[in-house]
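One-letter residues, chain by chain:
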Amino acid sequence: MRQVALYGKGGIGKSTTAANLSAALSFQGKSVLQIGCDPKRDSTRMLMHGDLIPTVMDLFREQGERGIRIEDVVFTGYSGVRCVEAGGPEPGIGCAGRGIIATFQILERLGALSGDVVVYDVLGDVVCGGFAMPMREGYAEEIYLVTSGELMSLYAANNIAKAITRLSGRGKRPCHLAGVICNGRGMPGEEDLVREFASAIGSSLICAIPRDRVVQIAELHKRTVIEYSPESAQAEVYRELAKRVMANDLFTIPSPLAIDALESLALSHLQE
Amino acid sequence: MPLSPLPSATCRNEGCTLTGALSVTTAIRDAISIVHGPPGCAHHTFSLFHGAQSSPWDEPPIIVSSGMGEREVIFGGEDALAAAIHLAVQRSPCAVMVLSTCVAAAIGDDIAAVCADLEQEVPIVHVPCGGFLGGTFNDGVVVALTTLTRLDKSDYPHPGITLVGEKNLEYEAESNYHEICRLLHLLGHHVNLRFVRGATMDDLMRIGSSSLNILREPALTPVGERLCKVHGTPYLPSFPVGLEGTLQFLRDIGECTGRAAEGPVDQEMKGQRLMSETFHDITGRRVGPPREGGEVAEALTVELAETFDLAIHETAPPFPMDGSLPVGTAGISRLLHRWRRMVRA
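Chains A and B, in that order, give the protein sequences.
The numbers in this note's numbering rise by one with no breaks, and the one at position 74 of the first sequence is 74.
The numbers in this note's numbering rise by one with no breaks, and the one at position 84 of the second sequence is 84.
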């Protein structure tokens, strides 16, 4: 079973990328489980045609851990992709990170982590140990950083690389950086910048996803691009991403950049 | 306004703010303390208090836990705290003290807001401690005492001497209290308020009218300073330690209260001589340097060594001051009794 996790700055397009990746993998004949690890619970919305599925934490809050069944938390979406949302507390109260840890413990006990590929879609920054959970305990061994060429997005990706470096030496099945995915914002020279960033931290650019309006249109129709516009060039990009992820075996321990070096890198690619 | 040099030694610079704060709030006779956190935190402290050999309680104090579990950690424990407060109020206390553990503090429960928002018939007093977050046992004691000073109602006309921060968990707490009473009596004074040991909420509300505060130890100086600043009350920074320290304590009390101290000092010196004569058999023995207690313990050891002609030697048994320093002449007498048993054994 391959377990991949997508990390990146909030709003950079992780959930869109994850949902399309999962859909594309399913068309490769893979049994796919996508787990949304964000209290906002919207990772699997496109795969579920707009439905916000009950979250593991919803059920835990209502009835406690006892009595939660696998069919209560795993829902089958588009193209047979199984969907789970961790959920979490309302904004501004409680500990969402602890919610992620509890979710993993519950899913583990339910035996829900199964299939050919598990795709973890994780909250923007690794703000605490809870959000590093997919990197720990041998869950996701392959971490993909999703970033655009914007400095703050690269900064977040670099920060996550620090967490990978810290956690990569732990456990029997340590996590590694599997690559960087450029989710383009249409900046000039963006792909080159992200490629150089990937190289600088000891990894590689796996795929550059161009900005395309079909992504927003598909989302408004509550569909992945793979489903809404399977013939589009963008759908082909996601299918290519899926192929490269499955073919990828170059996993590294990253060397995060100092903030000055990161800023210099971004500045050197500035095109006015 | 400290009236004598501040010794720096304290034995309470470790531990958890919750235990320190609870050691104060549970000594309010008609209040209930709530521990906002996992049940184990309340259980641990309750067990400690239950096992304490000297306590201000006729029976173990009521400690209510908000019973935080995994669910409350993830979704926030404020509802659980509100439920615990309602439960406590049903027992008809005169006040509810709300203390926090590190678990609740770490997830950021807004305990002050919960306490402020609840409309109850009795005061809901938030004591802002947070387990290990916020300091040590002594910090918990200080924050609890400071919080309780804010309950003052200035219309209570009961000036007198107040003892601030008696160590409610120490074995000799009552003996020390009686020693202070004895010394004050020599000057014609008595203790008006024990802040806080067995006091009621009504008692606590007259803290501001005290004419002199005597702190249990210098670590409580922030409390003394606050009371001095807010109410203009002078304070002595510590219960007396040592033979000369006890005499100086009498002089300080006399100076603060306008009473002549010469007679009481002479009387106490006579008492100290009589006490010393009962220990004539230890003359010439060897005593070890103190293991704890810092400079004050060292100075006390030197004073007693000179008084009883003892030789200080590294390998000899020290005076047993592991818990806390002896208070007054009676405290020294008990200390010497224990030490004599040790060296005779």
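For the record, the hints were derived by calculation from the structure and aren't laboratory data.
Don't be surprised by glycine CBs; every beta carbon is placed ideally from N, CA and C.
One or more of the hints may lead you astray.
What the hints assert, rightly or not - One side only, chain A facing chain B, incomplete, derived with CB under 10 Å:
1. Pro54
2. Met57
3. Gly64
4. Glu65
5. Gly67
6. Gly88
7. Ile93
8. Arg98
9. Gly99
10. Gly184
11. Ala200
12. Gly202
13. Leu265
Practice prompt. Verify the interface restraint on glycine 184 of chain A: the C-beta must sit less than 10 Å from at least one C-beta of chain B.
Written response: violated (36 Å)
Worksheet item: Are arginine 98 of chain A and chain B close enough, Cβ to Cβ, to be under 10 Å, as the hint says?
Response: holds (5 Å)
Worksheet item: With 10 Å as the cut and Cβ atoms as the points, is proline 54 of chain A at the interface with chain B?
Response: violated (15 Å)
Worksheet item: Close enough to count: is the Cβ of glycine 99 of chain A nearer than 10 Å to one in chain B?
Response: holds (4 Å)
Discussion item. Hint alanine 200 of chain A vs chain B: min CB-CB distance below 10 Å?
Written reply: Check failed: Cβ of alanine 200 of chain A comes no nearer than 36 Å to chain B, outside 10 Å.
Worksheet entry | leucine 265 of chain A as an interface hint toward chain B, with CB separation required under 10 Å | violated (36 Å)
Item to complete: Using 10 Å as the Cβ threshold, decide whether isoleucine 93 of chain A counts as touching chain B.
Response: holds (4 Å)
Practice prompt. Using Cβ atoms only, decide whether glutamate 65 of chain A comes closer than 10 Å to chain B, and label the hint accordingly.
Written response: holds (8 Å)
Worksheet item: Taking 10 Å as the limit, does the beta-carbon of glycine 202 of chain A come near enough to a beta-carbon in chain B?
Response: violated (34 Å)
Worksheet item: Holds or violated: glycine 64 of chain A as interface residue toward chain B, Cβ cutoff 10 Å?
Response: Cβ of glycine 64 of chain A sits 7 Å from chain B, so the hint holds.
Worksheet item: Should the interface hint for glycine 67 of chain A be scored as holding, given a Cβ-Cβ cut-off of 10 Å against chain B?
Response: The hint is violated - glycine 67 of chain A has no Cβ within 10 Å of chain B, the shortest such distance being about 14 Å.
Worksheet entry | Status of the methionine 57 of chain A interface restraint (C-beta, 10 Å, chain B) | Nearest chain B Cβ about 6 Å off; hint holds.
Checked against the numbered hints listed earlier, the structure breaks hints 1, 5, 10, 11, 12, 13; every other hint is satisfied.
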